[in-house]
Amino acid sequence: MIRFILKRLTSAIPTLFVIVTVAFFLMRLAPGGPFSLERPLPPQILANLMAHYKLDQPLWAQYLDYLKGLMTGDLGPSYVYRDFTVDELLLQGLPVSIQLGLSALVLATLIGCALGTIAALRQNRPADYSVMAVALIGITIPNFVMAPVLTLLFAIHLGWLPAGGWGEGALVNKILPVFALALPQIAVIARLTRGSMIEVMRSNHIRTARAYGLPAHVVVGRALRGALLPVISYLGPAAAALLTGSVVIESIFGVPGIGRHFVQGALNRDYTLVMGTVVTVAVFVVLFNLIVDVLYAWLDPKVRLE
Amino acid sequence: MRHLALAAAILLGSTALAGAETVYHRGNTAEPETLDQHLTSTIYESNILRDLYEGLVIDGADGSVQPGVAESWAMSDDGLVYTFTLRNDAKWSNGDPVTASDFVFSYRRILDPATGAKYADVLYPIDGAEAYNKGEADAETLGVRAPDDLTVEITLANATPYFLQLLTHQTSLPVHPATVEADPENFTKPGTMVSNGPYALSEWVPNAHIKAEKNANFHDADSVAIDTVYYYPTEDRAAALRRFEAGELDSNNDGPVEQMTYMSERLGDQLRIAPYLGTYYYAINTSKPPFDDARVRKALSMVIDREFLASEIWGDTMVAGYSLVPPGIDNYGEPAYADYKDMSLLDREDSALEMMKDAGFGPDNPLEVDIRFNTSENHQKTATAIADMWKPLGVETTLTNSDTKTHYAILRDRGDFDVARAGWIGDYSDPQNFLFLLESENEGFNYARYENMEYDNLMKRAAATNDLDERAGILFQAEEIFSRDQPYIPLMYYGSISLVSDRLQGWEDNLRNVHPTRFMSVGE
Amino acid sequence: MSNATADAAIIPARDLEKGRSLWSDAMRRLRANKAAVAAIFTLALMALACVIGPMISPHPFDKVYQSYVKARPSLEPYPTAEQIQDDLERALRRARVTIDSFSVEGDTLAVTLSADEKIDPRMTRYIDRVDAFANARITGEENDGRILHIEADVARTLFLAGTDQNGRDLLTRILIGGRVSLAIGLLATFVALLIGVAWGAVAGYAGGRIDQLMMRFVDVLYSLPFIFFVIMLVVFFGRNFILMFIAVGAVEWLDMARIVRGQTLSIKRQEYVEAARALGVSQWHIIWRHIVPNALGPVVIYMTLLVPKVILLESFLSFLGLGVQEPMTSWGVLISEGARNIQDAPYLLIYPSIFLAITLLCLNFIGDGLRDALDPKDR
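Chains as they are written, first to last, in our numbering: chain R, 1 to 306; chain S, 1 to 524; chain C, 1 to 379.
Derived from the structure by calculation, the hints contain no laboratory data. Cβ atoms here follow ideal geometry from the backbone N, Cα and C, with glycine treated the same way. Treat the hints with caution; some may be incorrect.
[Said to hold, decoys possible] Incomplete in silico selection of chain S near chain C, CB under 7 Å: (1) E312; (2) D316; (3) L346; (4) T384; (5) D388; (6) P392; (7) V395; (8) N401.
[Stated by the list, open to error] Here are the computed lysine-lysine pairs in the DSBU-like style, where the Cα-Cα straight-line distance is at most 30 Å: (9) R:K68 - S:K189; (10) R:K174 - S:K189; (11) S:K189 - R:K54; (12) R:K54 - S:K460; (13) C:K34 - S:K357; (14) R:K68 - R:K54; (15) S:K341 - S:K357; (16) S:K91 - S:K189; (17) S:K189 - S:K211; (18) R:K302 - R:K7; (19) C:K63 - S:K391; (20) R:K7 - R:K54; (21) C:K63 - S:K341; (22) S:K211 - R:K174; (23) S:K91 - S:K211; (24) S:K460 - S:K341; (25) S:K288 - S:K357; (26) S:K341 - S:K391; (27) S:K460 - S:K288; (28) S:K391 - C:K34; (29) C:K34 - S:K341; (30) S:K288 - S:K391; (31) S:K341 - C:K70; (32) S:K391 - S:K357; (33) S:K460 - S:K134; (34) S:K288 - S:K211.
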């Protein structure tokens, strides 16, 4: 097991290298640069700026420079948020995104699995239909609609919760964003759990266990273990995405996470910031896929780690 | 991180106990790119910097030029030398006196090519500024001098009637030399920043808020009513409206245009719409046939029902525009409107059809036009409406959108386009700041690729003219050429939308949309 | 969700007798599933409405009714009585004439205008210009043309789902938008499904180094900045319907591949696969006959989740200049526009969302039916 994990972690290095290289050159193909603004800069001033950030050097030299920095953990200065380095921006925003993402992830997994299991056990009965109806709503309503609806209801009509803002990370400020983040995931997880739960409940070993008259919670527990496999495969990338923030939720609720850096950074052509977020996402993706593989082997003894 | 927040919360709690402090929650468009006044380029940065620093002159609550660190000034008869006398009680937030040499240091810093200041060219009217910024001359040649601690003398290259207004721009705000030299990378951070304005920076959480507290060392601290200001980056305007409705924001300097009906019904007086110093226009690629034909451009421009755009599409947050220079601007009279401004739409359509026919277009040979715009619902609605208005001319219109960076990259890099959406908000209230867009040498801004010697010459003559009335007359002639040739189709004059809570007093609507916190107060 | 699931579970023995092909057998069972058949029928109907609807709709999808910007959905035809007066006043405001009187009888409007000078007879064009009026004509004049009597037909128009921010009929736009959204939602999902299932099954079944290599490739694609990929496509190839599928297809198969691989890892150790292998069945045959059908459960569910994701993703592509372009539209674009008008004109959000929801509901039933039909345990 330890060997497997170590092996996978070493194999992550070439993966990260490929990602960094492709991303670095890909984004330079897009028109416009960090300093092409609506109000264009006079050529001399633009040249001053490019020289200041070494953007006037050949691309390969910039690339080598970037790799050198990356080795030492220096992700460079942000071209748009000029008072901060990318390291500072990520260090400030990542804890916020992880906090929200992790809460949403845990919430979604617990509620989603519970709802899915209930629906599977009560297949084609009212409980099943209502769970699946809720799931359908969760899937149909995109978060850019759900978030405003939640604020209108809970912040403006009822006045229970703030409509936005981070407020130093107070609990009340987190409730709506976490819920808005979790809702679509709850829906997906419930659907996946229900589907595979139904399948597993029909499988021979569960039928046998039932036939032996094992108590219901033992049977369900055992079935859930097998039913979780597809959920886990889904959760790997989903967790990586959740923990690295959501641009929609962050801009609607005014949450200082790193999610908006992906989109805003790209639209601003803030190359270093985008690279920083790419590296962050890549690390999370690699990490979570490793966790998924380990969980797989743990949940299903038939799966071997190779 | 968490501990810091906790510490801040405790601190906050204790100050709250100490006395009834007044807090102002201010929505401010977007996250500032920087709080280094010499590197900034945006309006939302200037809203914060205006509270943190005080220049030689400042913006009053009504947007007019008022004495700042300079209590008085004099201009030489030729309009080339300004002598400012500084007040002797101006202090930095750490207690140091504000001296004339601080200003000299600051001007040299922003114009130093190594600083990489985006807006350095705003100061090019100062003698020697352009040469120094281009690396052709030394800092000593810059026309900013300090004969003594309380006198700043600025020499200009040419007479510049809008010079005082230029000094209210954030690029003219001073920096504290000792702090900048000690920590050039971090002097804008809370705890390090030393400022000379009514407020001092105390917290900056990127994408969450910036907090500024009253600067006890400010010379006019007694008249500053609000103790603490929070600036929130409210990028999502609809979300900002909801936060405003929930009482979490006392003001926001923008609002969702899409929801005008709702806002005007629900917010009443709290919704403020004021004329703004800007023009929304379509640039026509005059280097590309058939758009090199002035008749085609004029025909396209004439048939646009600007009143419909302003009221139905933009919910009356814009005003129908028939000139490049918006009305109400300083140093100018009425702009040179297009000659069809007062014609009825039907007559305009008839004569546009004539012109199109003369240019060789008609039902058998329809003109094909592609409108490019940067993605935004309102730009799209505008383009859709204009495409519909061009239909009677037999024009077949397609629409192409792209993200903002791509859009402007195409306009600037001489990419291929027919008609493209653009807008211009004046940096200062002077017609030159609009008309210079179309000078043929102005590679960056002249999206239309318009070249007209006569126009260029008029602009040069205006720059060399000191008499304001005469200068206005010359600029008017230039705008008349613009209105005749229509390289840009002016569509609307911008309006500023603000949400201002009833609790907030002292917010005065003005053409420049500047609202310094020091003149405001928050009631219960 | 489907009653057939339970039925199918009771009758598996009967099917064992005949050695029917897996897929034709599945089709037969799908046809027996009433909920799934009804869903397929509804979806087909919806697709048909999207194809034919815009052609037979009284409103062309790009027709701008300047007088009806953001008209509320209504079963009553427009214009309303107050609107007639407003429209008339607005039309004649710039003509510098006074409206002495006006009346509406049936579908005919009668107006009397007066001015200090002779009124330009082209005045009727102002009235015609208003969407609510047509065929304006002068029926008489007095006082040397200083007073004009004008009649015009009142054109009654129905906007069942209201009009959008430009004054275009929302229902027609939803229908035309459905063409793009259904096409991209179903086709791109299908493409993602094919690539994802094949990739995941092969990676999982092969295992070892091949698996590692294939899955790391997925990781790389997953981490690359999608926006730049799209911007690059737009800049180098221009706007193109096919590119939209490429952009969507390139990213959306990744999760699918991961799920299938996960399932495969577990399935390939099952006894029946081991048995097939021992019997010398070819690897491709094993993947096709044993691995894929047994992994389909979660795949089908994930597919139904993918469709709305793709439909909404398309609106983001449109934001970047790929995707549909005005005056064309799509459900994704309509919904995201609606979301921006949520407080002002909620119907702009609700109506397109209903169409999307119905589509998803149908897909849900079809998905469940498909899964049951393909489930080898039920055979």
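Verification of the hints:
Interface hint status for S:E312: upheld, as the beta-carbon distance to the closest one in chain C is roughly 5 Å, under 7 Å. Checking S:D316 against chain C by beta carbon gives a least distance of about 13 Å; that is not within 7 Å, so the hint is violated. Because the smallest distance between the Cβ of S:L346 and any Cβ of chain C comes to about 5 Å, under 7 Å, the interface hint for this residue holds. A least Cβ separation of about 5 Å between S:T384 and chain C falls short of the 7 Å threshold, and the interface hint therefore holds.
Look at S:D388: its Cβ gets to within about 4 Å of chain C, closer than 7 Å, so that hint holds up. The beta carbon of S:P392 is not positioned within 7 Å of any beta carbon in chain C (closest approach about 10 Å), and the interface hint is therefore violated. Violation of the interface hint for S:V395 is found here, the shortest Cβ-Cβ separation to chain C being roughly 14 Å, above the 7 Å cut-off. A cut of 7 Å between beta carbons decides the hint on S:N401: the least distance to chain C is about 5 Å, and the hint holds.
Straight-line distance between C-alpha atoms of R:K68 and S:K189 comes to about 27 Å, which keeps the hinted pair within the 30 Å bound. The suggested pairing of R:K174 with S:K189 holds, with an alpha-carbon distance near 27 Å, which does not exceed 30 Å. Between S:K189 and R:K54 the alpha-carbon distance is near 24 Å, which keeps this suggested pair within the 30 Å criterion. Between the alpha carbons of R:K54 and S:K460 the distance comes to roughly 36 Å, so the proposed pair goes past 30 Å and is violated.
Only pairs whose Cα atoms come within 30 Å are accepted, and C:K34 paired with S:K357 is rejected, the gap being roughly 63 Å. For a cut-off of 30 Å, the pair hint linking R:K68 to R:K54 stands: about 14 Å separates their Cα positions. Taking the CA atoms of S:K341 and S:K357, the gap is about 22 Å. The hint holds against a cut of 30 Å. Restraint check for S:K91 and S:K189: satisfied, since their Cα atoms lie roughly 19 Å apart, inside the 30 Å limit.
Between S:K189 and S:K211, the direct Cα distance comes to roughly 11 Å. Compliance with the 30 Å bound is thereby established for this hinted pair. Between R:K302 and R:K7, the direct Cα distance comes to roughly 21 Å. Compliance with the 30 Å bound is thereby established for this hinted pair. Distance restraint check for C:K63 and S:K391: the Cα-Cα separation of roughly 11 Å lies within the 30 Å cut-off, and the hinted pair is therefore satisfied. Straight-line distance between C-alpha atoms of R:K7 and R:K54 comes to about 37 Å, which puts the hinted pair past the 30 Å bound.
Note on C:K63 and S:K341: the hinted pairing holds, with a Cα-Cα distance of about 27 Å set against a maximum of 30 Å. The hinted pair formed by S:K211 and R:K174 meets the criterion: a straight-line CA distance of about 21 Å does not exceed 30 Å. Among the hinted pairs, S:K91 with S:K211 is consistent with the structure: their alpha-carbon atoms are about 21 Å apart, no more than 30 Å. For a cut-off of 30 Å, the pair hint linking S:K460 to S:K341 stands: about 28 Å separates their Cα positions.
Straight-line distance between C-alpha atoms of S:K288 and S:K357 comes to about 19 Å, which keeps the hinted pair within the 30 Å bound. For the hint pairing S:K341 with S:K391, the CA-to-CA distance comes to about 20 Å; that is within 30 Å, so the pair holds. With a C-alpha separation of about 27 Å, the suggested pair S:K460 and S:K288 falls inside the 30 Å cut-off, and the hint holds. The suggested pairing of S:K391 with C:K34 is violated, with an alpha-carbon distance near 50 Å, which exceeds 30 Å.
A C-alpha spacing of about 66 Å is found between C:K34 and S:K341, which places the hinted pair above 30 Å, so the restraint is violated. A C-alpha spacing of about 21 Å is found between S:K288 and S:K391, which places the hinted pair at or below 30 Å, so the restraint holds. As the CA atoms of S:K341 and C:K70 are separated by approximately 28 Å, the hinted pair is consistent with the 30 Å bound. Distance restraint check for S:K391 and S:K357: the Cα-Cα separation of roughly 15 Å lies within the 30 Å cut-off, and the hinted pair is therefore satisfied.
A threshold of 30 Å between alpha carbons decides the hint, and for S:K460 with S:K134 the separation of about 21 Å falls inside it, so the pair holds. The suggested pairing of S:K288 with S:K211 is violated, with an alpha-carbon distance near 51 Å, which exceeds 30 Å.
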